[in-house]
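Engineer: Using the sequences and the hints, build the whole thing.
Per my numbering, the sequence shown starts with residue 2, numbered consecutively.
I should point out that these hints are in silico values taken from the structure, not numbers from a laboratory.
Distance condition first, Cα-Cα at most 20 Å in a straight line; then the derived SDA-like pairs of lysine to any residue: (1) Lys-63 to Arg-112; (2) Lys-63 to Ala-127; (3) Lys-192 to Arg-218; (4) Lys-63 to Gly-133; (5) Lys-63 to His-38; (6) Lys-192 to Asp-169; (7) Lys-192 to Asp-167; (8) Lys-63 to Gly-86; (9) Lys-192 to Leu-165; (10) Lys-192 to Ser-216; (11) Lys-63 to Val-40; (12) Lys-192 to Ala-205; (13) Lys-192 to Ser-171; (14) Lys-63 to Leu-37; (15) Lys-63 to Ser-41; (16) Lys-63 to Val-35; (17) Lys-63 to Ser-106; (18) Lys-192 to Tyr-211; (19) Lys-63 to Leu-128; (20) Lys-63 to Ala-81; (21) Lys-192 to Asp-202; (22) Lys-192 to Gly-162; (23) Lys-63 to His-111; (24) Lys-192 to Leu-166; (25) Lys-192 to Gln-210; (26) Lys-192 to Leu-214; (27) Lys-63 to Thr-88; (28) Lys-192 to Asp-145; (29) Lys-63 to Leu-34; (30) Lys-192 to Glu-212; (31) Lys-63 to Arg-80; (32) Lys-63 to Ser-92; (33) Lys-192 to Ala-208; (34) Lys-63 to Gly-83.
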Amino acid sequence: MPNAAAQPYADPLAQRHGLAALGPCVATASTTLVRLHLVSRVPQELLDSLAGQPQLQQVHVKWGPYRDVTALGRHDQLRALGLGGATSLVSLAPLTALENLTDLSVEAAHRLDDPTSLGAFTRLAALEFGNGHPGSDTSVTLPDLGWVRSLTRLRTLALPGIRLLDADLSPLLDLPELEHLRLPLRRQYRKQVFDLADSSDVFADIAAQYEALDSWRASLPNAR
Numbered sequence: 002m003p004n005a006a007a008q009p010y011a012d013p014l015a016q017r018h019g020l021a022a023l024g025p026c027v028a029t030a031s032t033t034l035v036r037l038h039l040v041s042r043v044p045q046e047l048l049d050s051l052a053g054q055p056q057l058q059q060v061h062v063k064w065g066p067y068r069d070v071t072a073l074g075r076h077d078q079l080r081a082l083g084l085g086g087a088t089s090l091v092s093l094a095p096l097t098a099l100e101n102l103t104d105l106s107v108e109a110a111h112r113l114d115d116p117t118s119l120g121a122f123t124r125l126a127a128l129e130f131g132n133g134h135p136g137s138d139t140s141v142t143l144p145d146l147g148w149v150r151s152l153t154r155l156r157t158l159a160l161p162g163i164r165l166l167d168a169d170l171s172p173l174l175d176l177p178e179l180e181h182l183r184l185p186l187r188r189q190y191r192k193q194v195f196d197l198a199d200s201s202d203v204f205a206d207i208a209a210q211y212e213a214l215d216s217w218r219a220s221l222p223n224a225r
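Structural biologist: Here's what the structure looks like:
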């Protein structure tokens with residue numbers, strides 16, 4: 002029996018809903034789009050087709066089974082990128098050469114080969130990484146926060162739903178421009194947050210959130 006030629010993976014659900022046919026149109030159409038928000042399920046074929054729109058400056062993907070973001074790594078003008086529902090994503094390496102990328106959001110990337118590779122995005126002013134989806138209680142696990150030290154331009158850092166194997170929060174103090182910090186209010190972070198609140202405005206804000214949570218819990222009918 003002759004060997005069949007290798008065929009690119011075709012998402013059957015994408016074909017069923019006509020998204021497979023949309024990809025070639027996006028790949029070849031001449032447009033002036035600079036902002037693109039994909040609000041439905043995004044298969045790999047559709048994400049790959051964005052290589053045909055190199056002028057894009059902002060891209061947001063709501064969710065999908067995409068695994069590879071190589072096509073987006075060719076967008077030299079890309080400034081803001083949101084990768085929602087990235088449960089199949091395995092690597093961010095193709096994006097690290099994007100010199101104009103200053104705003105990056107990656108949600109639910111549970112299969113990422115090396116989450117600490119986020120430290121290579123040294124041009125970022127805003128980063129969100131974790132799982133902030135209200136319908137999911139699955140944490141995104143990180144070994145530690147040592148990788149943030151290289152992100153010295155960060156002004157906003159959001160780490161919703163993360164779980165740290167090494168819960169040391171002190172690397173965040175090495176971010177001189179940081180103005181806004183979002184962390185899950187876990188018990189194991191609480192003491193550090195209050196210890197650091199006297200010397201850090203962003204930790205003072207987190208401490209205030211813990212206090213607000215305490216007040217809310219105390220107000221519940223069964224609190225006593």
